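If you read the sequence shown in full-length UniProt numbering, its first letter stands for residue 1, the second for the next number, and so on.
These are calculated hints, taken from the structure and not from any lab test. Everything numeric in this text was worked out from a predicted model, so none of it was measured. Hints may be right or wrong, so weigh each one.
[What the hints assert, rightly or not] Derived lysine to aspartate or glutamate pairs resembling DMTMM-like cross-links, with alpha carbons at most 25 angstroms apart:
#, residue 1, residue 2
1, K49, E60
2, K50, E60
3, K75, E60
[Unchecked claim] Between beta-carbon pairs, the in silico distance windows are:
#, residue 1, residue 2, range
4, V67, G26, 43 to 49 angstroms
5, S53, A31, 25 to 31 angstroms
6, K33, R57, 52 to 58 angstroms
7, A64, K28, 44 to 50 angstroms
8, Q3, K29, 50 to 56 angstroms
9, I59, I25, 28 to 34 angstroms
10, K33, Q74, 35 to 41 angstroms
11, P36, K75, 51 to 57 angstroms
12, I42, S72, 41 to 47 angstroms
13, A64, S40, 35 to 41 angstroms
Note that CB positions come from ideal geometry on N, CA and C, so glycine has one too.
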Amino acid sequence: MAQKPLGKNSNVKKLNKKNRFNGSIGPKKGAKKIAPKRQSVIKQQNIQKKLTSGINRNIEQVMASRVEAISSGQKLNIIKSDVNVKTKGKK
């Protein structure tokens, strides 16, 4: 049977450095770049996350102080009853 001579195969393409598989799975090494429009969204999300966590922490502290008050014998007041609500009459 006839065989091709060993050496360069025209059917096999050589891969560039970019196209080669390095064998490592996961993120690439080096600094990460974020597009400018994306950076502003990320900043907004971080600010919102901090505000939300602060609000939740405050609510938990208030509820904890109310639970302590109940355990000491006081009445639970979640909504203050001395808030004056005025209704406007139609003329």
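Verification of the hints:
1. Taking the CA atoms of K49 and E60, the gap is near 16 angstroms; set against the 25 angstroms cutoff, the hint holds.
2. Our distance criterion of 25 angstroms between C-alpha atoms is met by K50 and E60, whose separation comes to about 15 angstroms.
3. At most 25 angstroms may separate the alpha-carbon atoms for a hinted pair to count; K75 and E60 meet this at roughly 18 angstroms.
4. In this structure the supplied range 43 to 49 angstroms holds for V67 paired with G26, their Cβ-Cβ distance being about 46 angstroms.
5. The hint said 25 to 31 angstroms for the Cβ distance between S53 and A31, and at roughly 28 angstroms that hint holds.
6. The hinted window of 52 to 58 angstroms between K33 and R57 is violated, with their beta carbons roughly 34 angstroms apart.
7. Checked against the hint of 44 to 50 angstroms, the C-beta distance between A64 and K28 comes to roughly 46 angstroms, which is consistent with it.
8. The hinted range of 50 to 56 angstroms is not satisfied by Q3 and K29, whose Cβ atoms lie roughly 44 angstroms apart.
9. The supplied range of 28 to 34 angstroms is broken by I59 and I25, whose beta-carbon atoms lie about 43 angstroms from each other.
10. At roughly 57 angstroms, the beta-carbon separation of K33 and Q74 lies outside the given 35 to 41 angstroms, and the hint is violated.
11. The hinted window of 51 to 57 angstroms between P36 and K75 holds, with their beta carbons roughly 55 angstroms apart.
12. A hinted range of 41 to 47 angstroms for the beta carbons of I42 and S72 is consistent with their spacing of about 45 angstroms.
13. For A64 and S40, the hinted distance range of 35 to 41 angstroms is satisfied, since their beta carbons lie about 36 angstroms from each other.
Checked against the numbered hints above, the structure violates hints 6, 8, 9, 10; every other hint is satisfied.
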